[in-house]
Amino acid sequence: MLADELLALGPDAPLAPERAAELVRAEGLGAEGRLARRFSVLGGRARGSVFGEDVGAGETCACAVGAFDGVHLGHRELLARARREADARGARAVAVTFLPDPADVLGEPQPASRLLPVEDRVALILGSGIRTVVVFDFDEAFAALTYGEFAAHALREVLDPACLVVGSDFRLGAKGAGTVGALAGLGREAGFDVVGVDLVQSGGAPVSATRVRGLVREGRVERAAGLLCRPHRAVGRVVHGRGEGSAFGFPTANIELGAVDCLPAQGVYAAFCVPLAGGDRQAFPAAVNVGAPPTFSGAAAGSAFLEANLLGFSGDLYGSEVACLFMRWLRDSRPFGSLEELRQTVLGNIDWVARTFGDQGISL
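This note's numbering runs 5 ahead of the 1-based position in the sequence shown.
Hints may be right or wrong, so weigh each one.
Claimed, not checked - In silico SDA-like pairs for lysine to any residue, Cα to Cα no more than 20 Å straight-line:
1. Lys-180 to Glu-154
2. Lys-180 to Ala-146
3. Lys-180 to Ala-149
4. Lys-180 to Asp-165
5. Lys-180 to Leu-150
6. Lys-180 to Leu-111
7. Lys-180 to Arg-50
8. Lys-180 to Arg-216
9. Lys-180 to Leu-104
10. Lys-180 to Thr-151
11. Lys-180 to His-158
12. Lys-180 to Ala-108
13. Lys-180 to Arg-218
14. Lys-180 to Pro-107
15. Lys-180 to Ala-159
16. Lys-180 to Glu-145
17. Lys-180 to Asp-144
18. Lys-180 to Ala-72
19. Lys-180 to Ala-157
20. Lys-180 to Asp-109
21. Lys-180 to Tyr-152
22. Lys-180 to Gly-153
23. Lys-180 to Val-110
Calculated directly from the structure, the hints in this document are not laboratory data.
Computed from a prediction, not measured in an experiment: that's the story for all the values here.
When you get a sec, could you build the whole thing from the sequences and use the hints?
Below is the structure:
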């Protein structure tokens, strides 16, 4: 399992460059979901976008429906079931999702809760063999729709569902009234089947986005990767920092992140950083500090950001976007008694990364 593979990594058991490239590529970096069209139905109460291949006239669809944040093991099983249902029916496999996450509209938006932005979800879903992704704009008007209005009317004006594939705990529509049973009853009247898929279990517990977020927030990025089938990532923009790293001989890329991105607990991690500008994409081994270093109290205190030392990189990243893929937890963030103690510790972290991941960029 990926979690065990990552936990076993170290200078005595380094990561092969070919495997590193495979893990980073599995993240879907740089993939884009082509926008096929925008739509507006039910008098504008339901709007959204179709990505990938558009659905042909008269073509029926097997639709996997969910938020798909993270595109984790459970989501992958849902998508695989939709593909099997599509094959059995001679239909098209489609994923149906929502932007923003329903929980952020129905309740208070939760900071540090997003595992993947919607464009990355779409790219990963299309990369799984699903040909079309429908993204509904989840706003107050959409949230007020009953499950019948959504499934029997709004969805059917966008495509022709032969079946809906949902998790066994799925709920849809105003007040969550659209349970699997309620949807099945509606489908018998409206002409589509409903397939409820049992939640995937791992380690004796269901795989869910909530569980993955908890692991990431605890700093257990290896276990999170096992449930995601890929390293967890965060994408931000490189900004000017305090400059202490350069003074120590190890300049850092200071990566500013959005408040909604799910980040690991404060500490130091072994990672790969991928500058997203340009066509010749490379992944650089990195030692990454999450959060404001406690030795330097004051600057950026209480804010969440990344300081990444990229091994083998030369150039100017200011203003550009960088993806950080968290591979291993290395140590807690803690104050140091002197700058020399800090310097030696950070150099030790960088040496661990160099001996385990290499000291040069890996071409993707």
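Can you list which hints this structure breaks, lowest number first?
When the structure is compared with the hints, numbers 4, 8, 13 turn out to be violated.
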